Structures are given as C-alpha cells and as structure tokens.
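Engineer: Going by the numbering used here, the letters in the sequence shown line up with residues 1 to 249, in that order.
None of these hints come from the bench; they were simulated from the model.
Hints are supplied without guarantee of correctness; some may be wrong.
To be verified - Pairs of lysine to any residue, SDA-like flavour, derived with a Cα cap of 20 Å:
| # | residue 1 | residue 2 |
| --- | --- | --- |
| 1 | Lys68 | Asn201 |
| 2 | Lys39 | His116 |
| 3 | Lys228 | Met244 |
| 4 | Lys32 | Lys129 |
| 5 | Lys34 | Lys129 |
| 6 | Lys129 | Lys190 |
| 7 | Lys190 | Pro208 |
| 8 | Lys32 | Gly115 |
| 9 | Lys32 | Asn124 |
| 10 | Lys32 | Val46 |
| 11 | Lys43 | Thr121 |
| 12 | Lys129 | Arg87 |
| 13 | Lys228 | Lys129 |
| 14 | Lys43 | Ala147 |
Stated by the list, open to error - Between beta-carbon pairs, the in silico distance windows are:
| # | residue 1 | residue 2 | range |
| --- | --- | --- | --- |
| 15 | Phe243 | Ser84 | 15 to 23 Å |
| 16 | His116 | Ile66 | 37 to 45 Å |
| 17 | Leu31 | Gly209 | 29 to 37 Å |
| 18 | Leu178 | Leu248 | 23 to 31 Å |
| 19 | Ala232 | Met127 | 34 to 42 Å |
| 20 | Lys34 | Val224 | 39 to 47 Å |
| 21 | Gly115 | Ala189 | 43 to 51 Å |
| 22 | Thr109 | Val73 | 15 to 23 Å |
| 23 | Lys228 | Tyr186 | 39 to 47 Å |
| 24 | Leu248 | Ala114 | 40 to 48 Å |
Note that the structure is a prediction, hence the values are computed from the model and not measured.
Where a beta carbon is used, it is the ideal one built from N, C-alpha and C, also for glycine.
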Amino acid sequence: MIALSLEPKIAIGAALATELAGFSSGLFAYLKAKLIDFKLAKKLLVFSVPSALLGTIYSDLVPPVILKAIFAVGLVFIGTQLFSAWRKEEREKHEETRKEEFSEDFESTLTDSAGHTYHYTVCNPNMGKTFAGIGGAFVGMISVGLAELQEYHLVARCRVPAPVAIATSIFVVVITVLTASIGHFYEFAKEGGDVLEQVLNVIIFTIPGVIIGGQLGPKVQQYVPEDKMKVAISIAFLAIGLFMLVTLV
C-alpha cells in the first residue's frame with residue numbers, strides 16, 4: 001500500500017481487508033496447530049477492540065503522515081529491540097542457571113498438536129494491556145501496529161516462545177481488525193463509486209497472496225529454529241520501518 005501511494009482512506013480500507021484475509025487464513029492454521037493462548041488473548045482483546053473502535057471514529061483528526069511517521073519509528077525501535085533480545089539470549093544460552101530457571105519457573109504451559117510443550121511466563125501484564133490499547137487504536141487509524149507491539153512485548157520483553165506469541169497475536173489481530181473494519185467497510189459501501197472500485201481493484205490481487213502465505217507460514221515455522229525466526233522478524237521490522245521513513249521524505 002505504501003509503494004502504490006494510494007489515498008489514505010483507500011489504502012487503509014484495502015490494508016484492513018488484506019490484513020483480515022491474511023491473518024484469518026493463518027488463524028485457521030494456528031488453531032489446527034493448537035498454538036494459541038486463549039487466556040492471554042482474552043486479556044488483550046478487552047483493550048484492543050475498544051481502542052480500535054475509537055481509532056476508527058477519530059482517524060480523521062490526525063494527519064496520516066504523522067501516524068505513518070510514528071509507526072515507522074516504532075517499527076525501527078521494535079526491530080532493534082527484537083535483535084537485541086536475540087543477542088542477549090545467545091550470550092545466555094550456555095548459562096546453566098538460566099536453563100534451570102526456565103525449566104522450573106513458569107506460569108503457563110501449552111502443548112501443540114505436534115506434541116511440543118512450551119513453558120513461559122507473560123511478564124509485565126500492564127505493559128501488554130497498554131500496548132494492546134495503543135496497537136488497537138493504530139489499527140483503527142492506519143490498519144497496522146497491533147501485531148508489532150504485541151510481538152515486541154511477548155517475544156522481546158517476556159521471551160514467550162515465538163510460535164505461541166505469533167499465533168496468539170494473530171488471533172487478537174483478527175478479532176480487532178474485524179471490529180475496526182466494520183466502520184470503514186460501511187463507509188465504502190455507502191460511498192460506492194470510485195472509492196469502492198479502487199479498494200476492490202487492490203484487494204483482488206493482495207488477498208489471494210496473503211491467504212496462501214497465511215497457510216504456508218505456520219508450516220514453515222515448524223522447520224525454522226525459534227532464534228532464526230526472531231532474527232528474521234527483527235530484520236523485517238527494520239526494513240519496513242526504514243522504507244516507510246524514506247517514503248516520507
């Protein structure tokens with residue numbers, strides 16, 4: 001959407017439709033894999049859904065360029081933090097005390113459909129709720145931001161296993177995006193004409209791709225080591241954030 005230089009209203013509508021299709025596709029795969037922490041997701045949705053509705057209602061009050069700049073800087077920051085967290089884990093990997101701590105001291109346990117068991121503790125729940133609220137507002141205003149903030153909190157800060165963090169984030173994002181989309185899609189249907197046509201012209205190309213990617217992602221994740229996945233996510237966030245900043249100039 002960034003490279004196409006679409007009008008903000010059209011770009012946000014197309015992005016929400018694309019995001020909803022892609023994440024929904026991935027959601028079914030993660031449900032099948034039993035990687036979603038529903039208890040954690042419910043706690044986050046209480047904050048993300050109302051914020052998404054407020055973001056949708058008041059999206060016209062903040063210039064899109066400011067929102068884009070804030071989000072771009074946020075992506076660069078999150079990418080840097082994820083990479084730093086990976087380097088810290090690499091340095092600590094051979095410490096026996098840390099291994100013993102993580103084998104005994106945890107609050108949550110989740111076993112996926114393949115029989116892999118994950119032990120983890122979600123640290124600083126207030127930070128998670130705050131990020132859910134901020135991310136939900138960004139989803140309502142510019143269609144993105146929630147998944148990135150959640151992955152920063154869960155993966156970089158709390159060291160929740162990446163498969164569980166990503167699957168849970170996707171579940172929260174799907175529900176939040178669906179909520180935020182209702183208002184936007186109603187406006188498009190009401191306006192009709194060029195706006196609706198432009199949105200449809202974009203999503204007929206983007207939606208098939210993200211649906212396929214949503215199915216491939218969880219399968220690829222089974223074969224990619226968790227530390228490599230964390231590095232890949234950090235690089236992706238850095239690249240997208242820097243690209244967005246360049247397009248602002």
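Engineer: Run every hint past the structure and note whether it holds.
Structural biologist: Structure-based check of each hint:
1. Lys68 <-> Asn201: Not satisfied, since the Cα-Cα distance of roughly 23 Å exceeds 20 Å.
2. Lys39 <-> His116: Measuring from Cα to Cα gives roughly 19 Å; hence the hint holds.
3. Lys228 <-> Met244: Status violated; Cα separation ~24 Å.
4. Lys32 <-> Lys129: The given pair, whose Cα atoms are some 27 Å apart, is violated under the 20 Å limit.
5. Lys34 <-> Lys129: 23 Å, violated
6. Lys129 <-> Lys190: 34 Å, violated
7. Lys190 <-> Pro208: 25 Å, violated
8. Lys32 <-> Gly115: 13 Å, holds
9. Lys32 <-> Asn124: 29 Å, violated
10. Lys32 <-> Val46: Cα-Cα ~24 Å, so violated.
11. Lys43 <-> Thr121: 15 Å, holds
12. Lys129 <-> Arg87: 26 Å, violated
13. Lys228 <-> Lys129: 27 Å, violated
14. Lys43 <-> Ala147: 15 Å, holds
15. Phe243 <-> Ser84: 15 to 23 Å: 21 Å, holds
16. His116 <-> Ile66: 37 to 45 Å: At roughly 43 Å between Cβ atoms, isoleucine 66 and histidine 116 fall inside 37 to 45 Å, so the hint holds.
17. Leu31 <-> Gly209: 29 to 37 Å: 21 Å, violated
18. Leu178 <-> Leu248: 23 to 31 Å: 29 Å, holds
19. Ala232 <-> Met127: 34 to 42 Å: 24 Å Cβ-Cβ, so the 34 to 42 Å window is violated.
20. Lys34 <-> Val224: 39 to 47 Å: Violated, at about 19 Å.
21. Gly115 <-> Ala189: 43 to 51 Å: Given about 46 Å between the Cβ atoms, the range holds.
22. Thr109 <-> Val73: 15 to 23 Å: 36 Å, violated
23. Lys228 <-> Tyr186: 39 to 47 Å: 42 Å, holds
24. Leu248 <-> Ala114: 40 to 48 Å: Holds, at about 43 Å.
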